[in-house]
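Kindly generate the complete structure, drawing on both the sequences and the hints.
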Amino acid sequence: MSMRPGKLWSRTVFLLILATIASTVILPILYFLTISFASNYEAYQFPAKIFPTFSYSAQLRYNAEKDSYTLLLKKGSTYEAVKTTQDVSDFSLYCKSQLNVLLSSAAVQELFNKAKNTDHALPIKLKKDFFRNYIVFFILAEGSMCALFNSLKAAGWTILISLILGGVSGYIMARYKFKFSNTFSTSLLVVRMFPAVALSLPLVVYIMKMNLYDTSFALAIVYAVPNIALTAWITSSIFKGISVELEEAAMVFGATRLKTLMTITFPLAFPAIIASSLYAFLAAWNDSITALIMTNNNPTLALLVYRTVGSSTIPNLPAAGAVVLLVPSLIFTFIIKNYINQLWGKVAL
Amino acid sequence: MVSYLKLNSLKKTYPNGVTAVKDIDLEIEKGEFVVILGPSGCGKTTTLRMLAGLEEVTNGSIILNGRDITHLPPRQRDISMIFQSYAVWPHMTVAENIAYPLKLRKMDKHTIHSKVQEVARICNILDYLNRYPAQLSGGQRQRVAVARALAVDSKLSLMDEPLSNLDAKLRTSVRTFLKEIHRNTGATTIFVTHDQAEAMALADRIVVMNEGKIEQVGSTREIYNQCGSLFTAQFMGTPPANIQKVSLISNQERLIANDKNAETQFSLDLGNQSAFPGIDRYIGEEIFLAIRPENINISEPKGINETSIEIVEPQGAYTILVTKVFGSEWKIMLEGDIDIRIGQKVSLIIDPGKIMLFDAQSKKRVNFS
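Heads up: the protein sequence lines correspond to chains A and B, in order.
Residue -14 is where the first sequence starts when you use the working numbering, and the numbers rise one by one after that.
Residue 3 is where the second sequence starts when you use the working numbering, and the numbers rise one by one after that.
Any given hint could be a false lead.
Quick list of in silico lysine to aspartate or glutamate cross-link-like pairs, EDC-like style, CA-CA up to 20 Å [said to hold, decoys possible]:
hint: 1; chain 1: B; residue 1: K215; chain 2: B; residue 2: E58
hint: 2; chain 1: A; residue 1: K244; chain 2: B; residue 2: E98
hint: 3; chain 1: A; residue 1: K51; chain 2: A; residue 2: D75
hint: 4; chain 1: A; residue 1: K112; chain 2: A; residue 2: E95
hint: 5; chain 1: B; residue 1: K181; chain 2: B; residue 2: D155
hint: 6; chain 1: A; residue 1: K244; chain 2: B; residue 2: D80
hint: 7; chain 1: B; residue 1: K347; chain 2: B; residue 2: D282
hint: 8; chain 1: B; residue 1: K304; chain 2: B; residue 2: D361
hint: 9; chain 1: A; residue 1: K162; chain 2: B; residue 2: E58
hint: 10; chain 1: A; residue 1: K112; chain 2: A; residue 2: E65
hint: 11; chain 1: A; residue 1: K34; chain 2: A; residue 2: E65
hint: 12; chain 1: A; residue 1: K162; chain 2: B; residue 2: E57
Going by beta-carbon spacing under 10 Å, a handful of chain A positions derived as facing chain B [said to hold, decoys possible]:
hint: 13; residue: S228
hint: 14; residue: E230
hint: 15; residue: L231
hint: 16; residue: M236
hint: 17; residue: F238
hint: 18; residue: G239
hint: 19; residue: A240
hint: 20; residue: T241
hint: 21; residue: L253
hint: 22; residue: F255
hint: 23; residue: P256
hint: 24; residue: I258
hint: 25; residue: A260
Source of the hints: derived by calculation from the structure; they are not laboratory data.
Keep in mind that this is a model prediction, so the values were computed, not measured.
No residue lacks a Cβ here, since even glycine has one placed at the ideal position from N, Cα and C.
Rendered as structure tokens:
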């Protein structure tokens, strides 16, 4: 069977793209998720597992000469001794902290008795507490609910500020041609070039003078600055996409300019504007640098994750924190996607 | 008697200095269906948009039903409009689209509902009232636009190339539909198009525009057969009239057209000079000669106006023959399926009454009466 060179070429390109997506997107995300569910013991294992595990295949051996018990975990085809102890609570603590397995003292005692009464090693199955890392994260990160709320508030304000100011600029950029209109739109982008730190350091002085330090609103102001420009550019292309004839039709059929804006232009732009608010949301949600400078007692969730687990040497807890941070942005994205999809007979503009 | 709609030396100059419309004077009677016809860029759409109030008027005035509406905002003009892109609002259902202008006119719910039902029935879109425009085909969207315009009972109905986004087959059916609507409602309508077939089919009167000026106003028959200017002769008709710059000579009471510049020694016998009273002052002068393809007939070679057929284009109902006259291609349209060979010698027979002559300088029609 022979293949035309063109076809071979396109197939190669397709496979390359597939491989790139797999190696740069899917595998890291999968690894990330797996690590976030891994116990300390698992996190140190090499090679790392691709999929999360729910239980351990283990053996419990009684050493008669020392009157101690040894826990062995299955590693490949052999069993590896991981813990030898005489004490029930010591064993229980090890399971909890290193293996993410919750065993009460009574349950451990029962296992010990069984192991004592068998000549050979007792095969046991240790069930993992799957969400242990997440629970630990929320225990470690004190005030995480409060931080979550702060993050949401900051994101909300950022969306509001950037949509109002950016939306108006976008409409002007799309509908009106005036002297220096190109300069205006380009200069908006210049604002985006400032690093967040460079903006927030001088701003923090003014924010303190205005008694807004350590509030979500102050954070939102800093987040909104680069976002206004982005929103303006996005919304201007949205408004350009709305045919002027639709507005003219409204005016011919009896609407004032304001009425046209409120009943035709704005509702038509609304879904796309909501979609563009995603950028504002993500900018606010993902930032920790600005929050580090601008807040003190009311950190955002991203900052809290950074503070709590940023110095951790084992990757499983930070991974759990990161997933916690990821979930709300995913939910937000899907809500918006579904909202836009079901609008106006499921057909995009 | 004051006419219903009057445009007084209407002029539009854009801020960049381009003058799109120069001095338009037009009077339209109540209930007329007027088509503004012209090539793209001739100012026809600008004229319509000035009528709608979507374009600022530079100079002149618009009087509708005795009221000066020149500088009124669109909503106060009591007009309706059908746009080229239909301009039905995609975020409203069909019913909401039709009801929107009525709501703005502060009608009560019951009246709006019955009005929507009424126009939806006329436009045959009763089944789609709850659908969104995105779920409709182009033709159905066009009907929604028509229904919306119908519902408002306006003083003036404007249509900006409403058929140009439809495919060819649909275009003719919507055309018939629009004509039917007009016959039933008798609404004063101004229809803008660049398609002469549309214009001729629909219009009570056609306004031919070119380069911001009105070339000619008249009925379809007048515009087609009595072209007032060279432009109209060139623009109207498919295929358009055969046009040649010739110099006229008189030879034994017969009028002969020669082309000075052409290398071919062709001369066209236009017939007895008595058929062109007052032609004397053009003898020896240059003049534009125009003859429509269907006004030329052929016969066996007779020694005059002899030429040979170069291309035959059968069209079923008629046949288009292409021949060289004065070195340029002339088209002849004959009824039926003509059996003719390429290269066959024929004589052209021209009805002197159908010949149109245009002044070489002014390019206006030379009248003999």
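Hints, verified against the model:
no., hint, in the structure
1, B:K215 - B:E58, "18 Å, holds"
2, A:K244 - B:E98, "16 Å, holds"
3, A:K51 - A:D75, "16 Å, holds"
4, A:K112 - A:E95, "16 Å, holds"
5, B:K181 - B:D155, "17 Å, holds"
6, A:K244 - B:D80, "17 Å, holds"
7, B:K347 - B:D282, "32 Å, violated"
8, B:K304 - B:D361, "31 Å, violated"
9, A:K162 - B:E58, "16 Å, holds"
10, A:K112 - A:E65, "18 Å, holds"
11, A:K34 - A:E65, "17 Å, holds"
12, A:K162 - B:E57, "16 Å, holds"
13, S228, "6 Å, holds"
14, E230, "4 Å, holds"
15, L231, "5 Å, holds"
16, M236, "5 Å, holds"
17, F238, "4 Å, holds"
18, G239, "4 Å, holds"
19, A240, "6 Å, holds"
20, T241, "7 Å, holds"
21, L253, "6 Å, holds"
22, F255, "8 Å, holds"
23, P256, "9 Å, holds"
24, I258, "13 Å, violated"
25, A260, "15 Å, violated"
The structure fails hints 7, 8, 24 and 25 (numbered hints given earlier, in ascending order).
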